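*Asks:* Letter by letter, the chains look like this.
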Amino acid sequence: MMLIKIAWRNIWRSKLRSAVVIFAIASGLVGGLFSSAWMKGMANQRVKSTFELETAHIQFHNPDFIDNFDVKKTIVSSAEKLEELSNIEGVKAVTGRLKTSAMAATANKNMGVTIFGVNPKTEKDVFGIYKKIDSVSGNFFNTKKKNSIVISKALAEELKVRLKSKIVLTFQDYNGQITGAAFKVIGLFKTDNSTWDKMHVFVEDDDLRRVLELPEDQSHEIDILLNDYAQASIISEQLEIKYPNILIEDWSKIQPYTSFITDYMDIMMGVFMLIILGALGFGIVNTMLMVILERTKELGMLMAIGMTKKRVFEMIMFETILLALVGAFIGEILSMFLINYFGKAGIDLSAWADGMESVGYSALTYPALEPYSYIQITIMVLITGILASIYPAIKALKLNPAEALRTV
Amino acid sequence: MSVIKINNLTKTYHETEVPVHAVNGISLDFKKGEFAAIVGPSGCGKTTLMNMIGGLDKPTSGEVEVSEIDISQLSSSKLIDFRLRNIGFVFQAYNLIPVLTAKENVEFIMQLQNWDKKEMNDRTINLLESVGLGGKINSRPNQMSGGEQQRVAVARALASKPQFVLADEPTANLDSHATSQLLDIMKKLNEDENITFIFSTHDQRVIDKALRVITLEDGKVISDEAKSKKVKD
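Sequence lines, in order, name chains F and C. For what it's worth, this note's numbering labels the leading residue of the first sequence as 220, then goes sequentially. For what it's worth, this note's numbering labels the leading residue of the second sequence as 140, then goes sequentially.
Derived by calculation from the structure, the hints in this document are not laboratory data. Among the clues, some could well be false.
What the hints assert, rightly or not - Below, in silico cross-link-like pairs of lysine to any residue (SDA-like), each with a Cα-Cα straight-line distance of 25 Å or less: (1) C/Lys217 / F/Asn263; (2) F/Lys617 / C/Asp209; (3) F/Lys529 / C/Gln252; (4) F/Lys516 / C/Glu332; (5) F/Lys224 / C/Lys256; (6) F/Lys617 / C/Thr199; (7) C/Lys217 / F/Asn619; (8) F/Lys516 / C/Asn281; (9) C/Lys217 / F/Ile453; (10) C/Lys256 / F/Ile223; (11) F/Lys516 / C/His153; (12) C/Lys170 / C/Lys197; (13) F/Lys617 / C/Val238; (14) F/Lys617 / C/Thr151; (15) F/Lys224 / C/Leu239; (16) F/Lys529 / C/Lys256; (17) F/Lys528 / C/Gln212; (18) C/Lys257 / C/Glu332; (19) F/Lys528 / C/Leu239; (20) C/Lys327 / C/Lys359; (21) C/Lys197 / F/Ile223; (22) F/Lys234 / C/Arg279.
Unchecked claim - Sample of chain C residues lacking proximity to chain F, with all beta carbon distances greater than 10 Å (derived): (23) Pro237; (24) Glu243; (25) Asn260; (26) Ser319.
Remember, predicted model here, so these are calculated numbers, not experimental data. Note that CB positions come from ideal geometry on N, CA and C, so glycine has one too.
Pulled out of the complex, with its shape left as it was, chain F reads as follows (with noise of 0.2 Å):
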């Protein structure tokens, strides 16, 4: 205990010095924690706008649907299977649709889509492509005419169409026949990916159905929604015991880049903690090589009066702990304060959006960083100290009484 009291009074014997080392150790971390919680909120947003526009959590496919869209391959009593799977535990919402490739066609331009064949009700409650419509641009399937069409405005823009506009669906149906229908657009969405937009349509289930001449009770895919998305893989697996015949497949089967993404952010964040907790290391070594420098005198008569070497270095490390922790912890409160300001405000990076959306991301980010990222990074700053007062403390042991005692 008197030496943790001594190494914690040791660290404000020079104030001007401590403080630099503090502050360079909180404006690392507070860069490297802020940056983190950046690339960590647009990964996140972007697996969350994945989940909620593109696969939900969980899906169902007939296993050869899945090669090249064959129309013919559907999962059959689908009504019966959306009722046994909204009464699972962990399941939130399910919805099936139907989904072909087709040529979308106006006077102006060709263009290649995949058709989504929707139940608006149930739709609604796993997807949010409906939240992605603003006021002025229509609406998702709100009115009761046939063969209405949701597309976005990139895919608009492209065709040249506008609300109210039509535009040629040509697909091949349930008879290997090639067939098509005009659509109204009545409602344009928008969302961060404007690839995605370009090449997704949206049309009621019945209509689609009725133009693919594809039998009652048949879809091409059921999408389930859970509470918890990280539930995932495991009710995945006891809907395969369940459902032997069809091809089950949780979020990170059906697009490995997400999954692949936030591992990758928790790699890089961490490559780039401990890049920047290393190069800390360097300048907490140089100041305690400063500290053993100055308090040579005084080490050789801790030493004289019968401290052992141990105590020496103990004393040594928590002082070098204790100062990179008084760091780590302002840097921390620091980086809570901005990441909680900026995760409410956001990061307006509209000036890019036209970049950003292309690949899948928003140009508006909200930062996130969970707890437990504050308490790895306490653990990393506690090491990056024990590390860095290694070789100081193996300096300071070296030390003979005598001739320390000797020096000015």
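Put chain C on the given structure of chain F with help from the hints.
*Replies:* Frame of chain F; chain C shown alone:
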């Protein structure tokens, strides 16, 4: 009864082409309760001799026996423990721990020996009162005069009830009033606790107070004078 027995002690430095014999075949005997001064001109070997008696330096040859233990043969870690339990040090430049109060400085030695908290507290207060610093137990070194700091150093040196105290030029930085006060205190503690005090000094005031004066020149004892009956016994 001998507390320290020095037999044919030598210390030779080979830092230059010509070996320097800092201590050259000294044999001495210090008894319990002595109040002795080692004197001599600069470079005569006083500090080297003190360092070897205190186990801070290893002799080139010869022995230093403290209570019949040859400390020159002890390993470095055993020597540290030996110093902690048997030797009190008072250095020239006060050498207190600057971030601790007077009380904490004195307690420090006892804490290193894991003393009982109450016993430690009582002894610290007693020692600080006996050196006239009962009112300054919570003062840090920078809040005390040089004389007061040196008195704390004396209290610290006595804290672990050592067999002897080595004081290397303890009055070198003190004015005459502080010197006189310090010497009176050390003499009183020497008499009250029967602890051996050995000084290395140039200071005539210390020499006048000492009951035994050992004069060194060129690493050899050239005179060893006892002033009182107690020492001769």
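*Asks:* For every hint, state whether the structure bears it out.
*Replies:* Here is what the structure says about each hint:
1. C/Lys217 / F/Asn263: With Cα atoms ~60 Å apart, lysine 217 of chain C and asparagine 263 of chain F exceed 25 Å; violated.
2. F/Lys617 / C/Asp209: With Cα atoms ~24 Å apart, lysine 617 of chain F and aspartate 209 of chain C stay inside 25 Å; holds.
3. F/Lys529 / C/Gln252: holds (14 Å)
4. F/Lys516 / C/Glu332: violated (30 Å)
5. F/Lys224 / C/Lys256: Within the cut-off at roughly 16 Å; holds.
6. F/Lys617 / C/Thr199: holds (21 Å)
7. C/Lys217 / F/Asn619: holds (15 Å)
8. F/Lys516 / C/Asn281: Judged against 25 Å, a Cα distance of about 17 Å means the pair holds.
9. C/Lys217 / F/Ile453: violated (61 Å)
10. C/Lys256 / F/Ile223: Given that 25 Å is the threshold and the Cα spacing comes to 17 Å, the pair holds.
11. F/Lys516 / C/His153: holds (24 Å)
12. C/Lys170 / C/Lys197: Cα-Cα ~22 Å, so holds.
13. F/Lys617 / C/Val238: At roughly 23 Å apart (the allowed maximum being 25 Å), valine 238 of chain C and lysine 617 of chain F satisfy the hint.
14. F/Lys617 / C/Thr151: holds (22 Å)
15. F/Lys224 / C/Leu239: holds (9 Å)
16. F/Lys529 / C/Lys256: Holds - the C-alpha atoms of lysine 256 of chain C and lysine 529 of chain F are around 22 Å apart, at most 25 Å.
17. F/Lys528 / C/Gln212: holds (19 Å)
18. C/Lys257 / C/Glu332: holds (21 Å)
19. F/Lys528 / C/Leu239: Holds: lysine 528 of chain F and leucine 239 of chain C sit about 20 Å apart, inside 25 Å.
20. C/Lys327 / C/Lys359: violated (31 Å)
21. C/Lys197 / F/Ile223: violated (32 Å)
22. F/Lys234 / C/Arg279: holds (17 Å)
23. Pro237: violated (7 Å)
24. Glu243: Incorrect as stated: the minimum Cβ-Cβ distance to chain F is 7 Å, not above 10 Å.
25. Asn260: Nearest chain F Cβ is 13 Å from asparagine 260 of chain C, so the label holds.
26. Ser319: Check passes; 25 Å lies beyond 10 Å.
Hint compliance for this structure: hints 1, 4, 9, 20, 21, 23, 24 are broken, all remaining hints hold.
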